[in-house]
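Dock chain B against the given chain A, drawing on the hints supplied.
Respectively, the protein sequence lines represent chains A and B.
Take 2 as the starting number for the first sequence in the numbering used here and just add one per residue.
Take 2 as the starting number for the second sequence in the numbering used here and just add one per residue.
The set of hints was computed from the structure by calculation and includes no laboratory data.
Take these hints with a grain of salt, some might be off.
To be verified - Below, in silico cross-link-like pairs of lysine-lysine (BS3-like), each with a Cα-Cα straight-line distance of 30 Å or less:
{"hint": "1", "chain 1": "B", "residue 1": "K90", "chain 2": "B", "residue 2": "K199"}
{"hint": "2", "chain 1": "B", "residue 1": "K199", "chain 2": "B", "residue 2": "K73"}
{"hint": "3", "chain 1": "B", "residue 1": "K16", "chain 2": "A", "residue 2": "K16"}
{"hint": "4", "chain 1": "A", "residue 1": "K116", "chain 2": "B", "residue 2": "K199"}
{"hint": "5", "chain 1": "A", "residue 1": "K116", "chain 2": "B", "residue 2": "K90"}
{"hint": "6", "chain 1": "A", "residue 1": "K90", "chain 2": "B", "residue 2": "K116"}
{"hint": "7", "chain 1": "A", "residue 1": "K98", "chain 2": "B", "residue 2": "K116"}
{"hint": "8", "chain 1": "A", "residue 1": "K116", "chain 2": "B", "residue 2": "K98"}
{"hint": "9", "chain 1": "A", "residue 1": "K16", "chain 2": "A", "residue 2": "K90"}
{"hint": "10", "chain 1": "B", "residue 1": "K116", "chain 2": "A", "residue 2": "K199"}
{"hint": "11", "chain 1": "B", "residue 1": "K69", "chain 2": "B", "residue 2": "K90"}
Number of protein chains: 2
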Amino acid sequence: MGPLISSAERDALYKIIYSHRDVRGEFLPDPVSDEVLQRILHAAHHAPSVGFMQPWDFIVVRDLEIRKEIKKGFEIAHREAALMFPEEKREQYRSFKLEGIAEAPLGICVTCDRKRSGDVVIGRTANPEMDLYSSVCAVQNLWLAARAENLGVGWVSIIQHDHIRNVLGIPGDIVPVAWLCVGYVSFFHETPELEQAKWLPRLELGTLIHREQWGGNAT
Amino acid sequence: MGPLISSAERDALYKIIYSHRDVRGEFLPDPVSDEVLQRILHAAHHAPSVGFMQPWDFIVVRDLEIRKEIKKGFEIAHREAALMFPEEKREQYRSFKLEGIAEAPLGICVTCDRKRSGDVVIGRTANPEMDLYSSVCAVQNLWLAARAENLGVGWVSIIQHDHIRNVLGIPGDIVPVAWLCVGYVSFFHETPELEQAKWLPRLELGTLIHREQWGGNAT
Numbered sequence: 002m003g004p005l006i007s008s009a010e011r012d013a014l015y016k017i018i019y020s021h022r023d024v025r026g027e028f029l030p031d032p033v034s035d036e037v038l039q040r041i042l043h044a045a046h047h048a049p050s051v052g053f054m055q056p057w058d059f060i061v062v063r064d065l066e067i068r069k070e071i072k073k074g075f076e077i078a079h080r081e082a083a084l085m086f087p088e089e090k091r092e093q094y095r096s097f098k099l100e101g102i103a104e105a106p107l108g109i110c111v112t113c114d115r116k117r118s119g120d121v122v123i124g125r126t127a128n129p130e131m132d133l134y135s136s137v138c139a140v141q142n143l144w145l146a147a148r149a150e151n152l153g154v155g156w157v158s159i160i161q162h163d164h165i166r167n168v169l170g171i172p173g174d175i176v177p178v179a180w181l182c183v184g185y186v187s188f189f190h191e192t193p194e195l196e197q198a199k200w201l202p203r204l205e206l207g208t209l210i211h212r213e214q215w216g217g218n219a220t
Numbered sequence: 002m003g004p005l006i007s008s009a010e011r012d013a014l015y016k017i018i019y020s021h022r023d024v025r026g027e028f029l030p031d032p033v034s035d036e037v038l039q040r041i042l043h044a045a046h047h048a049p050s051v052g053f054m055q056p057w058d059f060i061v062v063r064d065l066e067i068r069k070e071i072k073k074g075f076e077i078a079h080r081e082a083a084l085m086f087p088e089e090k091r092e093q094y095r096s097f098k099l100e101g102i103a104e105a106p107l108g109i110c111v112t113c114d115r116k117r118s119g120d121v122v123i124g125r126t127a128n129p130e131m132d133l134y135s136s137v138c139a140v141q142n143l144w145l146a147a148r149a150e151n152l153g154v155g156w157v158s159i160i161q162h163d164h165i166r167n168v169l170g171i172p173g174d175i176v177p178v179a180w181l182c183v184g185y186v187s188f189f190h191e192t193p194e195l196e197q198a199k200w201l202p203r204l205e206l207g208t209l210i211h212r213e214q215w216g217g218n219a220t
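Pulled out of the complex, with its shape left as it was, chain A reads as follows (with noise of 0.2 Å):
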C-alpha cells in the first residue's frame, strides 16, 4: 500500500526545503563520514527516472589536488563570465563567492550515461532530454538529504563540462550533469545570499500560477 506520511513527517519535510540552501562559503573542513556519504547517494539513487533508466553516476573526490584541478575550471570560465555582465554589474558579479571546491571536504559530480539502457527509452522518446532531468531528480533528492543530514551543498556550475571530463577522466558521451561541494558548514544563511544581496527579489508566488491556462487569473 506504500505508507502513510504523518503530518510531523511533512512538516520535517517542508523544514527540510525551507532551510536548504546552496553553499558556497560556509563550508568546515571537519570530514564526513562513509555512512553518511552512503545515506545520501543511496537517497539519490532512489529518485524517479525516465523508463527507469537510472542514468546517473556518483563520482566522489576527497583529494585536494583534484578538487584544485577542477577548480581552475571555475576559474577560467567565472572570468569570462564576468565579461558577459554588463558593466555597471559586473563588479558586484565579482565580487561574489561562488564555490566551495577546496574548502568542502568533498566534491561529487552527477552525470547522465544516455545510452544506460539502449537507445530507446520509454518516456524519453518524445523529449530526449528527460534522461538528463532525472540526474538533476538524482541531484535534488541528494541535496535535500544532505540539509536532512545537517550537510551544506553548493552545485557549481560554472565550469565547462569538458573541464570536468578531462580532470575525472569521464568518456565524451557521459554528461556532466553537477559539480556538488559537500560538508558541514559554520552556518546556513536565513535566505538565499543573492537574495540578501538584492541582486534579485524573491518573485512572488501568485504571479507564478496560472488557472486552467496560460495567463489565466489566480482565484
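Just chain B now, with coordinates in the frame of chain A:
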C-alpha cells in the same frame, strides 16, 4: 544559523523519498483542496535556482476538457513511440499504463522562462541548460511535497512540447518542462512498476559510485 535537523526529521525525508512513486494507474477522483495545492506549489517555488532566477511557472488545470486535449497529445506521441521499440518489446511497451491525465483531478504544467531575469544569469554562462535544470528541481520538490501530503504524482513526458503549448496557450519562448498528474491514490506501489514488470532492474548502487576518478574502485 538555519535550524538543526533532528534524526527523526531526517528519517521522515528518507521515508518520503523511498515511498515516492511515479503514479499512473491508481488515481482517485477525490478533490485536492486549494490549501494543499498551495503548500506543494510553495515548496516547488522554494527549490534552488541558478542565479536565483526562479524561472518556473505553474499552470494548474482542473478542467477535464482541457486535460482531455492534453491527453490527445499523449496518444499521438505514444503511438509514435511504440514504433521506435524493437518489435519484440513493442507489445509489452503498449501494455504499460503510462499516464493518468484524465483520471487524476489535477494537471500541473511546470515551465521554464529562459528570459526571466535577462540574458545573462549567474551560473548559466558556461552551462545554458541550468535554468531548465532549476525547473526540474522545482518539479522534484513538488513531487516530494505531494508524497508528504499523501498525494500521488505522475510525470508524463510522452507529449510534444508544442502540443502542450497549443492547448494551454503557452508563448513560444516558454519551455514546458513537465506535465504532472496529481491526485490522491488507492495505493502506492511497493517498488517502481517498470522494476516489477522486469523491464529493467534496479541497478546496484556500488557500481555507480566512482572514487576520485571515473572508473575509480569503490572502497
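Verification of the hints:
no. : hint            : result
1   : B:K90 - B:K199  : holds (12 Å)
2   : B:K199 - B:K73  : holds (28 Å)
3   : B:K16 - A:K16   : holds (15 Å)
4   : A:K116 - B:K199 : holds (19 Å)
5   : A:K116 - B:K90  : holds (17 Å)
6   : A:K90 - B:K116  : holds (17 Å)
7   : A:K98 - B:K116  : holds (24 Å)
8   : A:K116 - B:K98  : holds (24 Å)
9   : A:K16 - A:K90   : violated (34 Å)
10  : B:K116 - A:K199 : holds (19 Å)
11  : B:K69 - B:K90   : holds (28 Å)
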